[in-house]
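Residue numbers (this note's numbering), protein chains in the order written: chain A, 720 to 918; chain B, 488 to 1018; chain C, 41 to 281; chain D, 12 to 335.
Hints are computed from structural coordinates only; laboratory data are not their basis. Source: prediction; values computed, not measured. Heads up, the beta-carbon is just placed ideally off N, CA and C, and yes, glycines get one too.
Some, not all, of what chain B presents toward chain A, calculated at C-beta under 8 Å:
1. His669
2. Phe737
3. Gly788
Chain A stretches covered by chain C per the calculated footprint, using a threshold of three residues with CB under 8 Å from any CB of chain C:
4. 821-831
5. 836-844
6. 854-861
7. 866-880
8. 883-896
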Amino acid sequence: MEEFVNYALYFIACVCVLVPLFGLGLAPGIIVNLELAAILGSLYAQIVEKGLIKALIKDKGDSPMIRPMVPALENVQRTIDSIEDGTFGKKKIDKSEEHGHHIIPISVYAGVLAILAIGTIITVGVAQLDFGPWNTVIAMFVATIKASFVLLFFMHLKYDNAMNKVIFGSGFFFLLILFSFSVIDIYTRIKPILGFPKF
Amino acid sequence: MAHTETHTSHDYLNHQKGLWSWLTTIDHKRIGIMYMIVILFFFLIGGIFALLIRLELFTAGPTLGIDPGTYNRLMTFHGAIMVFMVIVPGIPSIFGNFLIPIMLGAKDVAFPRLNLFSWYVFMTGAIIAFASLFFGGADTGWTFYTPYSIRQPNGVIFVVLGAFTMGMASILTGLNFIVTVHKLRAPGQTMTRIPLFVWATYATAIIQVLATPVLGITLLLLIAEKTLGVGIFDPALGGDPVLFQHFFWFYSHPAVYIMVLPAMGIISELIATYSKKTVFGYTAIAYSSLAIAAVSFIVWGHHMFVSSQSEFAGIMFSIITMLVGVPTAIKLFNWIATMYMGSIKLDAPMLFAIGFMFLFTIGGLTGVWLATLGMDVHFHDTYFVVAHFHYVMVGGTLMAFTGGIFYWFPKMFGKICKDSIARVSWVFIFTGFNVTFFPQFILGAMGMPRRYFDYLPQYESLNQVSTVGSWLIGFGFLIALYAIIDGLLRGEKASNNPWGGTTLEWLATSPPHHENFEKTPVVSVGPYEYR
Amino acid sequence: MSTVKTESHFHHAHHFDSAEHQYSSAKQGIWLFMVTEILMFGGLFVAYLIYKSLYAPVFHVGSSYLDVKMGTINTFLLITSSFTMALGIYFNQKNERKKAVISLALTILCAIGFMTVKFFEYNHKIHLGLVPGKYFNNPEFVQKVADFATNMQATSSSYQEIDIAALKKIAPLYFGFYFVMTGLHGFHVIIGACLIFWVMIRTAKGDFGSEYYTPVEGVGLFWHIVDLIWIYLFPLLYLVG
Amino acid sequence: MYSWLNINLANTFMPVEGTELAGNVDNLYIFLLISSLISFIILIGGMTAFIVKYKRRSANDKTAYITHNNLLEFLWSFIPFVIMMVIFYWGKLIYDDYRTPPENAEEIHVTGRQWVWRFTYKNGYAFSTKPANAAMLNVPLNRPIKLVMTSGDVLHSFFIPGFRNKQDVVPGRYTYLWFKATKLGQFQVFCTEYCGLEHSNMPATVNVMPEAEYDTWVRAYVPEASGGGLADKGKEIFTERGCTACHSVNGTRIVGPTMKGLSGSKREFADGSSAVADDAYLRESILNSGAKIVKDYPAAMPIFKGQIEEEDVSALIDYIKSLK
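Taking the hints into account, I'd like the entire structure generated from these sequences.
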């Protein structure tokens, strides 16, 4: 029964998102993205269920191509395992409960300050050159790097528990919703005529 | 279950004495009661405005001898008071404050002083909003649509600033509840064992925290617009009035769920207790609250189908709006399934729950009509919309609210209201409500636009029916108020668990100890174990 | 909680199990509040980005009117203050009260410096008549916007539809955004400085130590958010035209 | 009066269908009404049946312990979902019709202002709904018409209940509304976006004429140089801009002071000061009414600065001066 419900829910999801959009020919982009997500999801499922990474490490771990990647792969496998048995993130919570008052050495703070200063110089410097629309992209990219350093180290988010990370992430997520949906409307509707017509 | 005698000497009502001890209290129960007093007062004012509006619409043309400007101010204040001061803060601030810690088995909310602070912030906001009346009032409607609101005299600023401040109180309350639910559950009280009212208020709190800041910035920009002429929302300076609507509804659509989700939580409690039966599909109801909260953020465009929003955006918002209907339907079906093979007792709170189901079903179904693109073009901004949202807000939220008051009254004050009086009030409110608002569906279909001071003669007969109905509602609420006052003055002493509820608050004494429980309870079963 | 707090004997509030429990709850509350700050400023950013793409010439010319040097100084002031704020928490964790007070005082100094630079910038703008909509009075700026748009039309075919007469009318929009965004941010800087002053006094009185420093941590988070917002505001307003 | 007691036809209390599209909307309406009625009966009927059947008999009734049922829960989320998708698709089809005017549609320009509509035909024939309230938007039968609309001040909305059609009129941009009338006669138009004092008094009428009659009517208009003095123009503006809503010209008090004999009289203000109503005062009061508030009157007048052309102000002042 449980399985039936699961498959039924999956079916609902498909019908609910794909069919109406596909049928109406509304947004091929959305469908492509969803299919990509579905492919990634099934790939993930395969890796998890069939243990592809484990097999890779076991069979080809000695080949020169793979050897340098083994530690990283093992890391990935460990994360996957922790998600599967439901302990993902929990270890971190325990750690932060123990070391709730995690003390970061001054040297780290100083390093972050240096990075922020360098970031600022880069942004100002780049702005003097003309890359056209890329200027905005570069500036925002550097700003985001700077912001993440502030978040992770100054605000200790790196050592904080998963819940606070989720809470903070949700702020940006809902901002994205506000932005994308307003923009979707603005760019698909009649352009403003700028100014009043005479009566 | 109910075995200990009430400890009147240690309950929260007489733990400390005097007005000052109330105004400086950090006890969540007392703060809940303080919210109750002021919100009932605001409700009275908003209700009087509503009656005046209906009276003015009794005949086509002027009836009361007021000019259209006064009518528009009445209409604006009715909306602003009812939305920002009554229905949005209502259930979370009163019942949420009073009950969430008790239901979780905690001694208080996470930040008691912040809780008191948010009461003062709320009061400040309310006072600022009312101060507008001395500066010419506001006649923009509670939506403050630009550019009209920019062109109006400065009384608007006060209402906007008041709404902003009350929004801040709403954020702080929501924040407090989220942390309380996360951090202060009693031992054994897992997330799957908390009562459904807590689930609903938790989902509400998430919306409050995530949506209200956008309202805040929108209103601040509106104030900047009026004082400095910034031009972001003013088409005369290149701004876009439709962007204002996007920002406004990004808050105000989720706000609709701030209003109705806690009501759904109350209904879950009432139906379980008065059917003496485990809630059917606890998980489904709990998660549907979260689902509604999540989806509510991406449907706001259905308020703007004819606002010159793009066709693509309209279609997108319409299809997502349809998805909200699914979790709502799940809830309704689950409640009815809970009644199946139960043992149903029609006390006043249960009558209010049934009234909720009846009216909310109508409100919900007509909501689907309004989310339908082609249909909404005709119904938008007509009395059909007015009827629809009153069916959801009044028929839904206020029904649940009144039912909740009678249900938890013994717990709050240690006395019992006369059930017979409460039932009489239900009869008047329920019939009066339908008499008032059902004709408005027909008026809307006939094409009568909303916010009209004057209307064509052909709409007169239905408007008169509607006005008569409003008197019935008013009378019904007066009886309910009488029942409450009568209960306070002459009510019988209540036992700890007069209705046979199974959630934690019925383990506490009536009225509860000032630290809720003398000994922190340990929870080992789910919330609705009737076996 | 009215008892005297010493470094080793912090009494947690009655409704919490332990000091650790209270600390993590308080922190979660502060993070939730930070989310509301992000969303509030986020609304402004969304509006800014939308208008920037609609009326590019206005924003281009507008940003050229801002003094990048002053903006850069302010950026350095704020990131330094973020650093000293972090140090303030660090020294509290280490029970080094004197150093903590000095760090916090330095943070306040940076905030005052920031506001001073801001004051000169504002003064300059107001002097030139570069103020929001209603009071805007700088024909030269409007002319520059028009020239820039004409130039765009001449060099690229995709800007043919720009209505220059109308563009002139909406030129003040940039300074509307400038004053609202930096004004709201400046207001947060002032609030933050006051809060830092409050925790500084309490640190000096010895209320905090390695056992209990939640208010410092909370005020610190608020201050970093103020910094974070400036990190985005600076390039958007000053650099990206 | 519509016979809304007749329940045979669900749409009897909807206004007369003036277009083909209105018929489609009414079909959707009937479908929604019937499907909602069925759902309502299932939900509330079920509830009532349970209330009656499982009424509490004694205080210690035993109840069944049912926690959930996956199949049931799946069904009652899936079936409403499917129904709602059908409704969405139907609504979307109609919406597409609303939003795609035929290529050959004839354009008529509509401008909304507080609280008057102004219609401009292709050949330059233009008139307002006020002061001549009888002025109707004449349109031909069976020919698609596209209204190109904009607003001069605040948001309005052009709503023709008979055509089931509505579109907001937004300042600063053009919006469209199209219809092909299939029934002769007059159709009511409302403003449905709140626009202030006279929001409910902003009606217009669409008059559907036979094609031949329409063509003669439209051709009868010959563009001519507008005559009349400045004061006459001022009188027109005075009515068009809705000044009449608050200011009388015959000495009675409405909301604001009367205009009769205003010019040259001594005005006393709320702050105790006073001034003679000369041209400069009139100008200031029109553009920025809040500067001087006449004693005993509310500060209710909108600010017209930037909203009104300079020559219109002069015309208004001339007109006010003519009211002795």
